[in-house]
Amino acid sequence: MEVLRIRSLTFGRVLVPILLVAALAVIVTGCGSDDSSTELNGITRVPPAKTGNLSLPDYSPQSGGKKVAVRGNEDGLMLVYFGYTSCPDVCPTTLADLRNALAELDPAQRERVQVSMVTVDPDRDTGRVLNGYLAHFFEPGEYHSLRTTDQALLNRADEAFGASHKLGKPDADGNYDVSHTALLYAVDPKGTVEVEWPFGTDADVIADDLKTLLDNNSQNPDA
Amino acid sequence: MKKLVPLATVVLALGIFVAACGSDDSDSGSSGVEVTDVWARPTTPTADAGAIYMTINSKDGDSLTAAKVPSSIAGMTQIHETTTDGEATSSEDSMESGDSMSSDDSMGSDDSMDSDHSMEGGSMMGMKEVSQIDIPAGETVTLEPGGFHIMLLDLKGQIKAGDTIPVTLTFEKAGTVEVDATAQDQ
Numbered sequence: 027m028e029v030l031r032i033r034s035l036t037f038g039r040v041l042v043p044i045l046l047v048a049a050l051a052v053i054v055t056g057c058g059s060d061d062s063s064t065e066l067n068g069i070t071r072v073p074p075a076k077t078g079n080l081s082l083p084d085y086s087p088q089s090g091g092k093k094v095a096v097r098g099n100e101d102g103l104m105l106v107y108f109g110y111t112s113c114p115d116v117c118p119t120t121l122a123d124l125r126n127a128l129a130e131l132d133p134a135q136r137e138r139v140q141v142s143m144v145t146v147d148p149d150r151d152t153g154r155v156l157n158g159y160l161a162h163f164f165e166p167g168e169y170h171s172l173r174t175t176d177q178a179l180l181n182r183a184d185e186a187f188g189a190s191h192k193l194g195k196p197d198a199d200g201n202y203d204v205s206h207t208a209l210l211y212a213v214d215p216k217g218t219v220e221v222e223w224p225f226g227t228d229a230d231v232i233a234d235d236l237k238t239l240l241d242n243n244s245q246n247p248d249a
Numbered sequence: 518m519k520k521l522v523p524l525a526t527v528v529l530a531l532g533i534f535v536a537a538c539g540s541d542d543s544d545s546g547s548s549g550v551e552v553t554d555v556w557a558r559p560t561t562p563t564a565d566a567g568a569i570y571m572t573i574n575s576k577d578g579d580s581l582t583a584a585k586v587p588s589s590i591a592g593m594t595q596i597h598e599t600t601t602d603g604e605a606t607s608s609e610d611s612m613e614s615g616d617s618m619s620s621d622d623s624m625g626s627d628d629s630m631d632s633d634h635s636m637e638g639g640s641m642m643g644m645k646e647v648s649q650i651d652i653p654a655g656e657t658v659t660l661e662p663g664g665f666h667i668m669l670l671d672l673k674g675q676i677k678a679g680d681t682i683p684v685t686l687t688f689e690k691a692g693t694v695e696v697d698a699t700a701q702d703q
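In the order they appear, the protein sequences are chains A and B.
Following this note's numbering, the numbering of the first sequence begins with 27 at its first residue and continues without gaps.
Following this note's numbering, the numbering of the second sequence begins with 518 at its first residue and continues without gaps.
The following block holds chain B by itself, in its conformation from the complex (with noise of 0.2 Å):
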């Protein structure tokens, strides 16, 4: 028994080093830029495309100018931008466009149908690829859901929760940063 007490705390010790170094997610450094919550989304079986998010703070002001991934897990890598079509028919529009309709009792024929229409054109989303983005100084910028994301185009394999991806981040003036996104359900 005795010998398990110093066998135990070795363990816990162990224990303890690698969560820290499990926790460890940011690449800070000397480079001014802070990469922190780096996560994939898990993917289906036959999807082809994944996206990466993460948060981006810099002390200087910087660009996130390009990222990769190993061609074992995607073919090709781009910085996209999820984008909303029509911004000024947006569903709250809508919603007022409705109340408005419904409390205008007067027998609104055409013009009711016409303002109807233009609600229902709105807010298509799509994607762009972006050349860069830019993280003012002192600030943060977060890739999220709807928003900024790296892409992964001709995924190689499915994405599985717990999985980690090497992401090689370039930034303008702080160069490579390197860190690892754990894919997980949000």
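Next comes chain A alone, as it looks inside the complex (with noise of 0.2 Å):
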């Protein structure tokens, strides 16, 4: 009773106020203790995959050639992907979901991005074809235009991702079937597969995926 009284007095100057605060701090600790934004969609694997100190070469307008580490810049994220530029089906659709992830971030976010795609025909993807190709579907500076000739090189490349490929014997026309794993691949400054997400990934999936990777690498770079 005496809650009442106290209540039907003060409503207005003093619960009015108390309540907004409780509120927001739901609202507040609703968005600390969200267990999901820091649960990934996409593949986690345990333990996860590492490239150590794979490089490989960076055929793109910005490095002509120079070897990169296929790793993410400080804070931020290298997206990879193995595929080919005569691929008219897989390796687009994985491409352009990409894009429209990409599209999703903000500004900020966006430049710790870089995409790299690992070609595996690099007979037919020269560095030209490639750079072609990439561009068509993102910023200049933000890809890189991964291809080796050196089968081993990039047979460690696969193994690093746990990835793998095959090019089949050529037809009489010179046209051979490449198949390849069709996983796009997201790796932290240490070299860490912190997850991947299998072809037909939906772009806001990938985009969720890559705000809460971001969000973790800012809060914590030594993590």
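Simulated from the structure, these hints should not be mistaken for laboratory data.
Be careful, since some hints might not be right.
[Unchecked claim] Covered stretches of chain A, as calculated for chain B (at least 3 residues, CB under 8 Å):
#, region
1, 118 to 124
2, 148 to 162
3, 195 to 209
Even glycine gets a Cβ: it sits at the ideal position worked out from N, Cα and C.
Grab the two chains, each in its own frame, and use the hints to assemble them into the complex.
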């Protein structure tokens, strides 16, 4: 009864601010304790794959064939995809999904993300071809055109990610089939593959994971 | 001003007429086969291959046996299916392996290394040419990314968003069906 009386007396001056503070607290703790925001939608492996000291020649305009480390910059991420440019279905679908996912990031987040495509068909995919292909999907300076004709090095790249690829026998016209692991990988600055997305993952889902990873990396850069 | 009104009406009517034509991307006719949502993915300037997708419905059941585009667009056209090797080690299985490994705290030395390796090898994607796509009676088959597509080889130029590509489809029973594919980003 005492409580009721107090409430009736002080509703306007005290209770409303209290309610506001309480509501705010709920909102704030709601954000902080939102476990779903730290869980990734893509595939996470235990233990995660590591790229170690892997570096590959980058034929993008900004690198011109110099080797780059296959890992994120500082507090960023490198997204890595193994594919080939004569691929009409799976590769452009994945890269278009990724393009749409990157468009969902704010400019500061997007600046921390680099995209690398490793060609599994270096004979047909020259640096120029690879650049033309990636420039169709991504901004200049945002992508790396990774290509090596050193089969041992390409195999080492495959192994680092647990990926594989296979080139078929050429037919009479010299055409051959290519099959490849069609996952998209996110690599942190320490070379840890934090998450991988299978073919067909929605752009929204990829964007959601990218935001989670970028948030985590900026909160604990040493993690 | 008076003259403008009928003119506007005509323009409007024409607009509706044109729009009606434009949206008619299906070709059903009396063939019993209905083809809708025909689209092509825009290609990069240097690409030599492209893909066309569509939805096919057949009242009585039919098979798509061939597809052709003008030789000014592509030198060769094939019906393709995207395939995934090692279905048993698909990505979902990999995830399960990962989970079971994390919950298995006993020092899983050699065994876990083996399962790790087998899970890494799976889910390579590739393509193969198929001789036909069967459309069962009363059913709809969608040619879509990761499944069936009409593969364009030896492209003569870049396919740009908004381009229209005439496609001649050949069905076992319905014969020839002409459709237009619109290039659009999806």
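*Enumerate the violated hints, using their earlier numbering and listing them in ascending order.*
none
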